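The chain contents come next:
There are 4 protein chains.
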Amino acid sequence: MPYESWESQLTHTSPEGIRIRGYDLTELIGGLSYPATLFLLYTGELPTVSESRLIDALMVASIDHGPATPSALAARGSISGGGTLQAAGAAGLLTMGRHHGAAVEACMGVLQKVADGESAETVIEEITARGERVPGFGHRQHKERDPRVDRLFELAANEDFETPHIDAATAVEATLLARTGKPVPINIDGAMAAVLGDIGVPAEFSNAIFITARLGGVLRHAIEEQGMPPMRRIGPDDHTYTGPEPRPLHEEEER
Amino acid sequence: MPYESWESQLTHTSPEGIRIRGYDLTELIGGLSYPATLFLLYTGELPTVSESRLIDALMVASIDHGPATPSALAARGSISGGGTLQAAGAAGLLTMGRHHGAAVEACMGVLQKVADGESAETVIEEITARGERVPGFGHRQHKERDPRVDRLFELAANEDFETPHIDAATAVEATLLARTGKPVPINIDGAMAAVLGDIGVPAEFSNAIFITARLGGVLRHAIEEQGMPPMRRIGPDDHTYTGPEPRPLHEEEER
Amino acid sequence: MPYESWESQLTHTSPEGIRIRGYDLTELIGGLSYPATLFLLYTGELPTVSESRLIDALMVASIDHGPATPSALAARGSISGGGTLQAAGAAGLLTMGRHHGAAVEACMGVLQKVADGESAETVIEEITARGERVPGFGHRQHKERDPRVDRLFELAANEDFETPHIDAATAVEATLLARTGKPVPINIDGAMAAVLGDIGVPAEFSNAIFITARLGGVLRHAIEEQGMPPMRRIGPDDHTYTGPEPRPLHEEEER
Amino acid sequence: MPYESWESQLTHTSPEGIRIRGYDLTELIGGLSYPATLFLLYTGELPTVSESRLIDALMVASIDHGPATPSALAARGSISGGGTLQAAGAAGLLTMGRHHGAAVEACMGVLQKVADGESAETVIEEITARGERVPGFGHRQHKERDPRVDRLFELAANEDFETPHIDAATAVEATLLARTGKPVPINIDGAMAAVLGDIGVPAEFSNAIFITARLGGVLRHAIEEQGMPPMRRIGPDDHTYTGPEPRPLHEEEER
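Protein chains in written order, with the working numbering: chain A, 1 to 255; chain B, 1 to 255; chain C, 1 to 255; chain D, 1 to 255.
Okay, chain A solo, but in the shape it has when bound (with noise of 0.2 Å):
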């Protein structure tokens, strides 16, 4: 039976070699890494540097974040009770929504309202208004400050581009403090939304590359739990860390 013809923009494989965005994969490999890869293939183009090194920047501080997350527990659980590490990994993936780490593409929707000229007042009274929260402001755990988040926008000063999206979320944020007397801080999806924003990354490609960087960390945590006893009642809380003692990054030690 014929089928429609479809089109498909991104990567071509024949015999003879495999082309992403018309790049030769034998030339990326070893040529340009995985972050930079990652943006070629959403963008269809080659970050520049600055661009390159935010990226790479943004996926470290989304890699993991302990094991009480939703998707961390999710995939426990699916090897709890004996699934494998890709219904694993799947398992975490589904617990992924508007809480939890899937705020980027919404956040960068008030960002850019704000980038382009309505006051954060305005925008934050409509999402409130509907009895939302804002995308991207407020954590569970980090309720004063988001320490990735302060790293990731020292970065992004650090590059020469201008900062619009920083800039709204900065002043998203003082305006939630102003009108709650309390601090609602930027979380990960935030500053992942305002540098993304600033660096020209559609917002369409921003929740995907946040759930990627997370499977890495959500996938160790199912290889983890494959060291546990089956069907083990799973406290979320109840975890103590055992791991390596706090030690300083030295220049010296890394890549």
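Calculated from the structure, these hints are not laboratory results. Check the hints yourself; a few may be wrong.
[To be verified] Residues of chain B clear of chain A, computed beta-carbon distances all greater than 10 Å:
#1 Lys113
#2 Glu126
#3 Phe161
#4 Pro164
#5 Leu177
[To be verified] Selected chain B positions facing chain C (Cβ under 7 Å, derived; list incomplete):
#6 Leu73
#7 Gly77
#8 Ala87
#9 His99
#10 His100
#11 Arg140
#12 Arg233
Just so it is clear, the structure is predicted and the values come from calculations on it, not from any experiment. Where a beta carbon is used, it is the ideal one built from N, C-alpha and C, also for glycine.
Use these hints to put chains B, C and D onto chain A, whose structure you have.
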């Protein structure tokens, strides 16, 4: 109700900060690449420069293989029915099994046996006697040679470590050719198994690295599908590549 | 660490027994049908005989629609790559969205408005003005008439309750035909919405009933795929039905 | 591009109608129960009255086991993070493995050996020598006796067929008790395996019946969670049942 306390050695979070394997995440952000941070999270220690380069290269090699893979098609099918991006990603992961993207760990077992001194002939015989295929060898499209493999082995050869697992993979490939008279080349799963074996990454982590890297690609296909008509009949081979023409990766354009 | 206590009104289990909505599960086993038990679990109360018959009929109507649905194809893709049965089922669920199998709840909202007195014309206008399709109407294959729908409405007419939602569905269908000049018939999601509305099942439960019933079909396709070659190119419309010839259901052969 | 034609023996759809295993779906709707239709779709033939009753009873027995099962918790976690109902259902399925809900097929293999004449002692010895548990026996909560099991076996005894697999299950249970001095009772997976074995349903279909039946329960937990605060810490044993008090199932209230 009291729960049993359980231990995790991966990531410690508190209102004060986030530490991955003892390192402050704010130091890792901008201080270590995503692939190197993944290596740290998985193995517990920072990679050497060589290890970091190779993990990065393996992830780039795994990022995508076009629209006709089971994982990209499943993700498109999910979007086509009205699924979310996360659902599409999960559907993609769920197509990964021993036939697609999750043969790395099994292949590492095979290569380890050969690296430990068993003959490739004996190891292959054991597998085929069970009516199974040798994991990590053979590809639907790259019947003669998978271009990703040669590039990865070339990069590994440029670094300063022993290559018993790459040698084992080459021996298995030669033996398969001798036995059947036709090439059953090392595929991307096999190359990943060989390189990870040589840099000492435990087999149990190997599928996770492929799965994470490939999710980036799968989600991009899902996003492309979001622009297409819902409920279309997706002929898996009826796509035409309409992206950029072949183009060289000039060093100066990169990061 | 103490957790907040949370409440559940569904099922109580203890070493002594299992009670669903207060009823001893050992009395339900053999004492109530699965569809009626599902009704009990969802709504909190036993169905009447009429309600029980109709829930059962809706589940039968939803069980399968052949190999070309997105959900059956995704399940086959999962098996084809080496996934487990559970993974295949999950992949199938993840294709269900507003275009496939999860439009029941949205359709109930539409029918409720008409049943409450708005004209079908007004309600349709609102939806199409947003550039959307009316949920629960139209089918890729059953362009004139979905045979499942007539049968379900006939069964409902034989029972002793009012049918304002079925009437609303019929009105919407007639209005769509009048507006466009071509039939946009009630589909299975729409019929389920109409019947559930008339028996008073809340809209929030409606998608779940379809999804549960359809999973039975999806998993059967997955099992059939287990006997096929892995990694085959699955042309969605290239299947031939090779099962039993048409045959009548004689009353005497049934339960 | 041409695809290989492939065969399916399950369901034929056309603009004219839908036939499941040759039967017109419009005759099945209202003419056959959902469990009986599932039997038909799976095995290819209509069930007898006895088979139909027992499949129905097995599905009722499997529908739910309260909020603390891995599948219900995973579904709640998905909703808690912002997932859709379908995502929650899929996350639930992905916790099902050999430790939870997917041991029916493996147990059927064990029971078949005993039914075929091997001693329970020998069969158990083989399994425990591999360091594994006997699938289908033992339950976290029902340590002495699973009440669902006795009821299912009682129902089976009322029907008119031989019970070699139920007898095998009873023999394995007695042998486990004799070996260890403490009860390792038949669980719901084991009971399903025994009953399905006796009514001649092939082992490869057995997990699917449990999974389908349980999805109904899992989705109900997901819907209950929709009314709770997002991102709450879900202590798996901190729930209190606040539903209806114990009440009898009077025959007159039923269908």
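Going down the list of hints, with the structure as the test:
1. Lys113: 22 Å, holds
2. Glu126: With a cut-off of 10 Å, glutamate 126 of chain B remains clear of chain A, as the shortest Cβ separation is near 24 Å.
3. Phe161: 15 Å, holds
4. Pro164: 21 Å, holds
5. Leu177: 17 Å, holds
6. Leu73: 6 Å, holds
7. Gly77: 5 Å, holds
8. Ala87: 4 Å, holds
9. His99: It holds, given that the least Cβ distance between histidine 99 of chain B and chain C is near 4 Å, below 7 Å.
10. His100: 4 Å, holds
11. Arg140: Check passed: Cβ of arginine 140 of chain B comes within 6 Å of chain C, closer than 7 Å.
12. Arg233: Hint on arginine 233 of chain B: holds, closest Cβ of chain C at ~5 Å, below 7 Å.
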